[in-house]
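**Student:** Respectively, the protein sequence lines represent chains A and B.
Each position in the first sequence, counted from 1, maps to that position plus 12 in our numbering.
Each position in the second sequence, counted from 1, maps to that position plus 21 in our numbering.
In short, the hints are calculated from the structure, not lab data.
Be careful, since some hints might not be right.
The list that follows gives simulated cross-link-like pairs (lysine-lysine, DSSO-like), each with its CA atoms no further than 30 Å apart [stated by the list, open to error]: (1) A:K119 <-> B:K171; (2) B:K70 <-> B:K160; (3) A:K54 <-> B:K165; (4) B:K87 <-> A:K119; (5) A:K139 <-> B:K68; (6) B:K100 <-> A:K54; (7) A:K51 <-> B:K100; (8) A:K119 <-> B:K160; (9) A:K146 <-> B:K165; (10) B:K137 <-> B:K165; (11) B:K100 <-> A:K119; (12) A:K139 <-> B:K165; (13) B:K165 <-> A:K14; (14) A:K51 <-> B:K171; (15) A:K54 <-> B:K160; (16) B:K160 <-> A:K146; (17) B:K70 <-> A:K51; (18) A:K97 <-> B:K87; (19) A:K119 <-> B:K68; (20) B:K160 <-> A:K51; (21) B:K68 <-> B:K171; (22) A:K14 <-> B:K160; (23) B:K87 <-> A:K54.
Bear in mind the structure is a predicted one, so any value in this text is a computation, not a measurement.
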Amino acid sequence: MKIFSNPSQQLLEQSLNAASLRQKTISQNIANVDTPNYKAKKTIFKHQLDKALEGQRLSAYRTDDRHIPFGGKVSTSPAVVVSRKDTMFNHNGNNVDIEHEMSEMAKNQIYYNAMIERLNGRFNSLKTVIGGGK
Amino acid sequence: MTIFHGFNTTASALTAQRLRMDVVASNMANVDTTRGRFVNGEWEPYKRKMVVMQPNENRFSTHLSKAMGRSDHPGNGVKVSRIVEDQTPFKLVYQPDHPDANAEGYVSLPNVDPLKEMVDMMSATRSYEANVTTLNATKNMLMKALEIGKG
Numbered sequence: 013m014k015i016f017s018n019p020s021q022q023l024l025e026q027s028l029n030a031a032s033l034r035q036k037t038i039s040q041n042i043a044n045v046d047t048p049n050y051k052a053k054k055t056i057f058k059h060q061l062d063k064a065l066e067g068q069r070l071s072a073y074r075t076d077d078r079h080i081p082f083g084g085k086v087s088t089s090p091a092v093v094v095s096r097k098d099t100m101f102n103h104n105g106n107n108v109d110i111e112h113e114m115s116e117m118a119k120n121q122i123y124y125n126a127m128i129e130r131l132n133g134r135f136n137s138l139k140t141v142i143g144g145g146k
Numbered sequence: 022m023t024i025f026h027g028f029n030t031t032a033s034a035l036t037a038q039r040l041r042m043d044v045v046a047s048n049m050a051n052v053d054t055t056r057g058r059f060v061n062g063e064w065e066p067y068k069r070k071m072v073v074m075q076p077n078e079n080r081f082s083t084h085l086s087k088a089m090g091r092s093d094h095p096g097n098g099v100k101v102s103r104i105v106e107d108q109t110p111f112k113l114v115y116q117p118d119h120p121d122a123n124a125e126g127y128v129s130l131p132n133v134d135p136l137k138e139m140v141d142m143m144s145a146t147r148s149y150e151a152n153v154t155t156l157n158a159t160k161n162m163l164m165k166a167l168e169i170g171k172g
């Protein structure tokens, strides 16, 4: 049993990095809300978390082949920034949707805080173990 | 990309929006200025100014991450590249006793439309507020990150 390099902790670290990058991307979009011809950007990391769960490290017992497998190993691929092309354009070629960005930011805040709470929870568990339950 | 990258991005936007606000203030202040510039021995009215904004791409970090083929660079915020003058014609008003009236008694007044300026001002204010919200959110995230492992 690895104490600090186990999969869930690595996932937490990656999620924190990705959430931080997403915050920067949202900052950039909101900064350019009035810039003509600016194309909004988006940070993608969720699919990588899903992909991470595909590889099997802790494989679940399946009674039927049609059951969805779960458990997995940690992917080391970082989050990426891509341009959003699925949105409507403004009259000046800018496609930043300020409502979308602000709600994404609110989501990202909660997500980030949740990840930090979870990380702290892990550290506290380790502390309890190291202290012998005292 | 440093940990304060998000702050720098938002700060550039705050600066740009503030400049927009200054330009609006200048336009509003000069709404009746008939002697804006002295050209060829004649006074020309004030011309409405506008800011031109563009994404701030011309930074070392942007070029480096592009050259390295990295896809995790969000950008360096925004900058005001130029302040341009509105080329729409001046308003002509019949005021024969005005010192700057022409031979027919018409005075050219600046091409400033207070309505446009008000709309621009609202837009700049709202964008500024959105960026302040973003700045606070980024700050809260960093403060929260400092709590990791405090238990």
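**Student:** The structure should be examined with respect to each hint, and the outcome stated for every one.
**Tutor:** Consistency of the hints with the structure:
Of the supplied pair hints, the one linking K119 of chain A and K171 of chain B holds, its CA atoms being roughly 24 Å apart against a limit of 30 Å. This hinted pair does not check out: K70 of chain B and K160 of chain B have alpha carbons roughly 34 Å apart, beyond 30 Å. The straight-line distance between the Cα atoms of K54 of chain A and K165 of chain B is roughly 23 Å, inside the 30 Å bound, and the hint therefore holds. At most 30 Å may separate the alpha-carbon atoms for a hinted pair to count; K87 of chain B and K119 of chain A meet this at roughly 29 Å.
As the CA atoms of K139 of chain A and K68 of chain B are separated by approximately 69 Å, the hinted pair breaks the 30 Å bound. The hinted pair formed by K100 of chain B and K54 of chain A meets the criterion: a straight-line CA distance of about 20 Å does not exceed 30 Å. This hinted pair checks out: K51 of chain A and K100 of chain B have alpha carbons roughly 15 Å apart, not beyond 30 Å. Under the criterion of a C-alpha separation no larger than 30 Å, the hint pairing K119 of chain A with K160 of chain B is consistent with the structure, at around 16 Å.
Annotation: proposed proximity of K146 of chain A to K165 of chain B holds, straight-line Cα distance about 27 Å (limit 30 Å). Taking the CA atoms of K137 of chain B and K165 of chain B, the gap is near 42 Å; set against the 30 Å cutoff, the hint is violated. This hinted pair checks out: K100 of chain B and K119 of chain A have alpha carbons roughly 28 Å apart, not beyond 30 Å. Annotation: proposed proximity of K139 of chain A to K165 of chain B holds, straight-line Cα distance about 20 Å (limit 30 Å).
Note on K165 of chain B and K14 of chain A: the hinted pairing holds, with a Cα-Cα distance of about 26 Å set against a maximum of 30 Å. Proximity of K51 of chain A to K171 of chain B is assessed by CA-CA distance (about 40 Å); at most 30 Å being required, the pair is judged violated. The straight-line distance between the Cα atoms of K54 of chain A and K160 of chain B is roughly 20 Å, inside the 30 Å bound, and the hint therefore holds. With a C-alpha separation of about 35 Å, the suggested pairing of K160 of chain B with K146 of chain A is violated against the 30 Å cut-off.
A distance of roughly 25 Å separates the Cα atoms of K70 of chain B and K51 of chain A; the hinted pair therefore holds under the 30 Å criterion. Restraint check for K97 of chain A and K87 of chain B: the C-alpha separation of about 20 Å stays at or below 30 Å, so the hint holds. Taking the CA atoms of K119 of chain A and K68 of chain B, the gap is about 45 Å. The hint is violated against a cut of 30 Å. For the hint pairing K160 of chain B with K51 of chain A, the CA-to-CA distance comes to about 25 Å; that is within 30 Å, so the pair holds.
With a CA separation close to 59 Å, the supplied pair K68 of chain B and K171 of chain B exceeds the 30 Å bound. Annotation: proposed proximity of K14 of chain A to K160 of chain B is violated, straight-line Cα distance about 33 Å (limit 30 Å). This hinted pair checks out: K87 of chain B and K54 of chain A have alpha carbons roughly 17 Å apart, not beyond 30 Å.
Hint violations for this structure: numbers 2, 5, 10, 14, 16, 19, 21 and 22, all remaining hints satisfied.
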